[in-house]
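Number of protein chains: 2
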Amino acid sequence: MNDAVIGTPAVRVREVGLRDGLQMVGTILTTGQKLEWCRRMVDAGVREIEVTSFVPPKIVPQFADAVDVARGALAIDGLHAAALVPNLKGAQRAFDVGVAQVHYVLSASDAHNLKNVRRSTAESVADFGRIVAERDERAKPVVLGAGVATAFGCTISGKVEERIVLGLVETLIEAGADEITVADTVGYANPGQVRALMRKVCALAGAVPVACHFHDTRGLGLANVFAALDAGVRAFDSSLGGLGGCPFAPNATGNINTEDTVFLLEAEGLRTGIDLDKLLAMRATLAEWLPGEPFSGAIARAGVPKTFGERVAA
Amino acid sequence: MNDAVIGTPAVRVREVGLRDGLQMVGTILTTGQKLEWCRRMVDAGVREIEVTSFVPPKIVPQFADAVDVARGALAIDGLHAAALVPNLKGAQRAFDVGVAQVHYVLSASDAHNLKNVRRSTAESVADFGRIVAERDERAKPVVLGAGVATAFGCTISGKVEERIVLGLVETLIEAGADEITVADTVGYANPGQVRALMRKVCALAGAVPVACHFHDTRGLGLANVFAALDAGVRAFDSSLGGLGGCPFAPNATGNINTEDTVFLLEAEGLRTGIDLDKLLAMRATLAEWLPGEPFSGAIARAGVPKTFGERVAA
Numbered sequence: 007m008n009d010a011v012i013g014t015p016a017v018r019v020r021e022v023g024l025r026d027g028l029q030m031v032g033t034i035l036t037t038g039q040k041l042e043w044c045r046r047m048v049d050a051g052v053r054e055i056e057v058t059s060f061v062p063p064k065i066v067p068q069f070a071d072a073v074d075v076a077r078g079a080l081a082i083d084g085l086h087a088a089a090l091v092p093n094l095k096g097a098q099r100a101f102d103v104g105v106a107q108v109h110y111v112l113s114a115s116d117a118h119n120l121k122n123v124r125r126s127t128a129e130s131v132a133d134f135g136r137i138v139a140e141r142d143e144r145a146k147p148v149v150l151g152a153g154v155a156t157a158f159g160c161t162i163s164g165k166v167e168e169r170i171v172l173g174l175v176e177t178l179i180e181a182g183a184d185e186i187t188v189a190d191t192v193g194y195a196n197p198g199q200v201r202a203l204m205r206k207v208c209a210l211a212g213a214v215p216v217a218c219h220f221h222d223t224r225g226l227g228l229a230n231v232f233a234a235l236d237a238g239v240r241a242f243d244s245s246l247g248g249l250g251g252c253p254f255a256p257n258a259t260g261n262i263n264t265e266d267t268v269f270l271l272e273a274e275g276l277r278t279g280i281d282l283d284k285l286l287a288m289r290a291t292l293a294e295w296l297p298g299e300p301f302s303g304a305i306a307r308a309g310v311p312k313t314f315g316e317r318v319a320a
Numbered sequence: 007m008n009d010a011v012i013g014t015p016a017v018r019v020r021e022v023g024l025r026d027g028l029q030m031v032g033t034i035l036t037t038g039q040k041l042e043w044c045r046r047m048v049d050a051g052v053r054e055i056e057v058t059s060f061v062p063p064k065i066v067p068q069f070a071d072a073v074d075v076a077r078g079a080l081a082i083d084g085l086h087a088a089a090l091v092p093n094l095k096g097a098q099r100a101f102d103v104g105v106a107q108v109h110y111v112l113s114a115s116d117a118h119n120l121k122n123v124r125r126s127t128a129e130s131v132a133d134f135g136r137i138v139a140e141r142d143e144r145a146k147p148v149v150l151g152a153g154v155a156t157a158f159g160c161t162i163s164g165k166v167e168e169r170i171v172l173g174l175v176e177t178l179i180e181a182g183a184d185e186i187t188v189a190d191t192v193g194y195a196n197p198g199q200v201r202a203l204m205r206k207v208c209a210l211a212g213a214v215p216v217a218c219h220f221h222d223t224r225g226l227g228l229a230n231v232f233a234a235l236d237a238g239v240r241a242f243d244s245s246l247g248g249l250g251g252c253p254f255a256p257n258a259t260g261n262i263n264t265e266d267t268v269f270l271l272e273a274e275g276l277r278t279g280i281d282l283d284k285l286l287a288m289r290a291t292l293a294e295w296l297p298g299e300p301f302s303g304a305i306a307r308a309g310v311p312k313t314f315g316e317r318v319a320a
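Residue numbers (this note's numbering), protein chains in the order written: chain W, 7 to 320; chain A, 7 to 320.
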């Protein structure tokens with residue numbers, strides 16, 4: 007595994023707790039808390055954070071302050087603030103605020119896409135084309151990422167064929183996606199499946215960066231990260247304390263945990279640039295802010311091995 | 007991954023909850039409960055169970071009924087009952103009862119070995135030679151497995167060199183071990199390390215079967231199983247409900263969970279011959295027997311994916 011460029015992490019860990027995590031919790035954090043979370047993650051070495059979602063505030067009250075969070079995050083030095091957008095309208099709001107990294111997600115499963123954004127996958131693909139056009143009309147450059155949700159199976163429709171996912175990846179790249187994220191939205195993936203599919207996605211994507219988004223619903227989240235590393239993936243979404251899930255996927259609680267993911271990656275000899283102790287301190291603050299919410303994570307409980315520093319230094 | 011022989015599982019899951027699990031819990035199960043656990047695991051399709059440990063009863067009161075449990079287990083149809091022995095005296099007791107599968111464990115870390123059995127690793131190697139001699143003197147054939155504990159690092163002495171582990175594997179096979187188990191006793195292993203070491207162990211072991219024994223202390227237990235599969239390992243120790251640990255390894259709680267391990271293996275297309283529903287039913291009984299003990303496991307919480315049966319059938 008190469009890590010030739012000094013100063014550039016060998017692998018990117020993208021915090022999604024402020025988006026995927028917070029959309030599931032009962033407590034609405036203040037804008038100030040969200041921005042403190044961002045600042046402390048940046049201080050810990052996290053460079054990429056999905057800071058909010060431009061969904062209609064009526065649907066997810068947690069994101070009613072999307073504009074303020076995005077503005078505040080854009081002012082944080084060293085942070086590449088990203089925002090999720092569910093449709094053209096959300097993208098327009100994100101562009102208006104000046105968000106430089108916008109993530110659009112559609113679902114490989116038509117049934118899940120209908121539940122999630124009330125339209126077919128094909129309609130969402132067409133919508134992405136309109137978002138690209140809108141982006142291109144504006145002067146300011148925006149990195150536009152496209153995600154394929156339920157890429158490893160769907161709680162509603164079951165099996166999702168590889169060819170569906172690969173077809174969507176190809177279509178989204180042709181339409182202008184600057185980055186592809188392949189998501190196991192409901193925690194159905196197993197590592198053999200991940201390695202097989204992600205090898206094909208990476209080959210198809212060529213120079214377009216590929217990320218994975220895993221949930222730890224069935225205990226295989228970190229095994230799936232390891233399998234994706236084998237396939238060449240070098241960017242992962244994760245959530246501090248393992249917050250997260252999907253409101254339309256039963257028991258899909260839990261993005262993979264940021265602390266544990268960083269531990270795995272560093273143990274594998276891949277530099278993340280992230281300070282685990284600072285992550286754990288922020289996790290403790292978050293636990294105070296969100297009483298009663300389930301937090302996952304082995305490193306927070308057991309600590310790192312005595313040999314961890316040696317491995318990283320070696 | 008081949009699974010050519012009808013009727014033979016492609017991968018062996020060895021239950022160690024009755025030994026590694028029970029040595030950590032506060033409640034002492036009755037002999038009757040232990041044997042019910044065995045019978046129900048066999049009914050679920052588990053063929054190999056480490057049913058007890060022939061340690062001195064004063065040290066681990068849980069195993070004061072080792073002889074009775076072993077006798078009862080030997081009478082269960084379809085069960086290959088194994089017992090752990092820490093030394094020659096324990097082996098003699100196991101041989102006397104007629105246990106046909108005996109597991110001896112020593113630690114790659116001298117410091118851990120001293121804590122665990124109060125002698126150096128070299129002394130434990132010599133003891134294994136005496137156990138083999140004792141076995142060979144008796145008429146009844148006994149499969150003698152040898153395990154290398156702390157093979158991926160030690161909470162006391164830190165890093166454990168690969169050459170130490172490989173040297174011990176070679177020595178134990180030369181001394182007469184019929185099977186080798188490589189154990190991450192304290193949950194220090196990461197999957198890249200597992201794949202690298204286990205490839206070498208498998209190459210060295212040749213026709214001698216190789217098993218892995220992982221703990222999920224730092225969340226990487228199932229990732230390590232996946233990595234060991236890559237290396238060719240086809241036998242894994244696990245504990246129902248994730249019970250277990252090591253009294254001398256702080257926070258080393260938790261063998262990998264049997265239910266989750268079976269789920270991973272079956273999802274990977276490797277037949278275990280084990281019925282997950284029956285495992286979960288026994289887990290529920292065990293939770294009643296051991297109130298207040300920590301149980302781990304994602305499948306018990308989230309269930310299997312809708313696609314799980316399809317994958318197994320495919």
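Incorrect hints may appear among the rest.
All copies of an identical chain are treated as equivalent in the list; a pair is satisfied when it fits inside any one copy or across any two copies.
[Stated by the list, open to error] Below, computed lysine-lysine pairings styled on DSSO-like, alpha-carbon distance capped at 27 Å: (1) 206 to 64; (2) 121 to 146; (3) 95 to 165; (4) 312 to 206; (5) 146 to 206; (6) 146 to 284; (7) 121 to 284; (8) 312 to 165; (9) 284 to 64; (10) 206 to 284; (11) 95 to 284; (12) 165 to 64; (13) 206 to 95.
If you are wondering where the hints come from, they were derived from the structure by calculation, not from laboratory data.
Checked hints:
For the homomeric pair residue 206 and residue 64, neither the shortest alpha-carbon distance inside one copy (39 Å) nor that between copies (58 Å) is at most 27 Å. Taking identical chains as interchangeable, the C-alpha atoms of residue 121 and residue 146 are never at most 27 Å apart, the minima being 33 Å within one chain and 64 Å between chains. Taking the closest pair of Cα atoms, residue 95 and residue 165 never come within 27 Å of each other, the shortest separation being 31 Å inside a single copy and 54 Å across copies. In this assembly of identical chains, residue 312 and residue 206 lie within 27 Å of each other by CA distance solely across copies; the values are 24 Å between and 37 Å within a copy.
For the homomeric pair residue 146 and residue 206, neither the shortest alpha-carbon distance inside one copy (33 Å) nor that between copies (54 Å) is at most 27 Å. Taking CA atoms no more than 27 Å apart as the test, residue 146 paired with residue 284 passes in neither setting, with 34 Å inside one copy and 59 Å between copies. Taking the closest pair of Cα atoms, residue 121 and residue 284 never come within 27 Å of each other, the shortest separation being 37 Å inside a single copy and 34 Å across copies. Proximity of residue 312 and residue 165 under a CA criterion of 27 Å is satisfied inter-copy only: 8 Å between copies versus 42 Å inside one chain copy.
In this assembly of identical chains, residue 284 and residue 64 lie within 27 Å of each other by CA distance neither inside one copy nor across copies; the values are 34 Å within and 44 Å between. Taking the shortest Cα distances, residue 206 and residue 284 never come within 27 Å of each other, neither inside one copy (36 Å) nor across copies (37 Å). Proximity of residue 95 to residue 284 under the C-alpha cut-off of 27 Å is found in neither arrangement, the shortest distances being 36 Å within a copy and 50 Å between copies. For a Cα distance limit of 27 Å, the shortest separation of residue 165 from residue 64 qualifies neither inside one copy, at 32 Å, nor across copies, at 54 Å.
In this homomeric assembly, residue 206 and residue 95 never come within 27 Å of each other (Cα to Cα): the closest approach is 32 Å inside a single copy and 56 Å across copies.
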